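Chemist: Given next are the chains, with one letter for each unit.
Number of protein chains: 2
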Amino acid sequence: MPYISVEEHLPGITGLLEYRKDTAAPIRALTQVLLRGPSTLTEGERELIATIVSHRNKCTFCVTAHTAAADILLGEETTTAQIKENISTSQVSDKMKALLTIAAQVQESGKSVTTESVQKAKDTGASDTEIHDTVLIAALFCLYNRYVDGLSTVTPTDPAFYKGLAERLKNNGYNRLPQGYDHLKK
Amino acid sequence: MPYISVEEHLPGITGLLEYRKDTAAPIRALTQVLLRGPSTLTEGERELIATIVSHRNKCTFCVTAHTAAADILLGEETTTAQIKENISTSQVSDKMKALLTIAAQVQESGKSVTTESVQKAKDTGASDTEIHDTVLIAALFCLYNRYVDGLSTVTPTDPAFYKGLAERLKNNGYNRLPQGYDHLKK
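Residue numbers (the numbering used here), protein chains in the order written: chain A, 18 to 203; chain B, 18 to 203.
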């Protein structure tokens with residue numbers, strides 16, 4: 018049961034974004050520009066960063082939601098499974114391996130990011146902006162994971178919930194609650 | 018040396034907020050509404066939440082800046098020193114002890130927040146909104162601390178820098194770079 022009175026039919030982050038709309042608006046805007054705005058990283062690659070951080074933070078709601086979003090955007094379900102198991106042996110590009118490694122370091126602490134891991138990202142072709150965005154997306158999901166779990170929000174167990182949510186995140190982005198969202202069942 | 022090319026004269030978060038202004042805008046807006054918007058928690062109390070989280074994340078830039086901001090707002094320097102040492106024996110109210118304890122749990126992980134710590138906050142008079150805001154401020158500073166340290170930004174050592182920054186945060190808030198900021202020396 019959530020620690021505060023959020024709307025019962027809105028699980029995970031969705032109830033929190035309705036609870037305080039003046040804080041939700043900039044959170045949505047930041048997520049939209051980082052995960053859906055113009056970038057040399059694909060939307061699928063950016064969802065992989067959200068996925069690895071949420072996975073390492075053990076935030077079930079977020080990791081399931083962003084795994085589903087990445088799977089839809091990538092058109093397959095192998096990559097998300099592989100990066101959770103082992104980034105270095107996964108099928109992503111060398112640049113993405115380096116960026117996901119940085120994201121996993123950010124999950125631990127900002128201080129865990131090393132000169133070596135950043136150099137490896139640059140050696141594989143990552144730009145300053147890609148490194149910046151990787152760190153900020155990883156930091157943003159450290160916020161989300163703590164917000165969702167720190168208030169003990171409800172985590173749906175039905176995979177169909179996350180599939181529906183991921184479809185809506187793909188089609189509508191993060192700027193507002195997707196149309197028809199209220200009618201999704203837990 | 019920062020991992021990416023930020024403006025040399027802008028240390029810590031300040032160079033990052035200039036580096037990518039379209040992500041900076043919602044980060045500033047979220048911070049402004051949470052730390053300076055209408056609230057039953059004082060601005061000083063909210064800066065204490067920022068301080069304890071930054072302290073536990075060992076982010077020198079952030080903890081020094083928000084300690085300075087809290088000190089100015091509270092009009093004394095004892096409370097910030099005490100909460101870093103031991104929340105439970107500090108001179109803050111029982112409600113603030115409970116909220117700072119929740120914030121410290123969020124710093125570890127969202128999952129570290131317990132039913133007991135939330136109940137204690139409610140027993141000492143904390144409202145749902147105060148608990149919500151405490152968790153979200155703590156989560157936001159987990160973002161900031163990782164953003165600042167994850168990109169290895171410069172940390173000024175001169176206390177006068179942080180005093181000047183804190184004065185500007187008190188007078189101007191978080192929505193934009195305070196006037197004259199560019200001319201502050203590292």
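Worth flagging that the hints you see were computed from the coordinates, not collected in a lab. Quantities reported herein were computed from a predicted structural model and do not represent experimental measurements. Incorrect hints may have been included.
What the hints assert, rightly or not - Non-contacting residues of chain A with respect to chain B, defined by C-beta distances greater than 12 Å in every case (computed):
{"#": "1", "residue": "Pro19"}
{"#": "2", "residue": "Thr106"}
{"#": "3", "residue": "Gly127"}
{"#": "4", "residue": "Glu147"}
{"#": "5", "residue": "Thr174"}
{"#": "6", "residue": "Asp175"}
{"#": "7", "residue": "Asn188"}
Claimed, not checked - Among chain B residues calculated to face chain A with C-beta under 8 Å, some are:
{"#": "8", "residue": "Pro43"}
{"#": "9", "residue": "Ile44"}
{"#": "10", "residue": "Leu51"}
{"#": "11", "residue": "Ser107"}
{"#": "12", "residue": "Val109"}
{"#": "13", "residue": "Val123"}
{"#": "14", "residue": "Ser126"}
{"#": "15", "residue": "Lys128"}
{"#": "16", "residue": "Asp145"}
{"#": "17", "residue": "Ala156"}
{"#": "18", "residue": "Leu168"}
{"#": "19", "residue": "Val171"}
{"#": "20", "residue": "Pro173"}
{"#": "21", "residue": "Asp175"}
{"#": "22", "residue": "Tyr191"}
As the list claims (entries may be wrong) - Computed footprint of chain B on chain A, listed as stretches where at least three residues anywhere in the stretch have a Cβ under 8 Å from a Cβ of chain B:
{"#": "23", "stretch": "69 to 81"}
{"#": "24", "stretch": "88 to 101"}
{"#": "25", "stretch": "156 to 170"}
We put the CB at the ideal spot given by N, CA and C, even for glycine.
Chemist: What are the numbers of the hints that this structure violates, sorted from low to high?
Modeler: 1, 3, 4, 11, 12, 19, 20, 21, 22, 24
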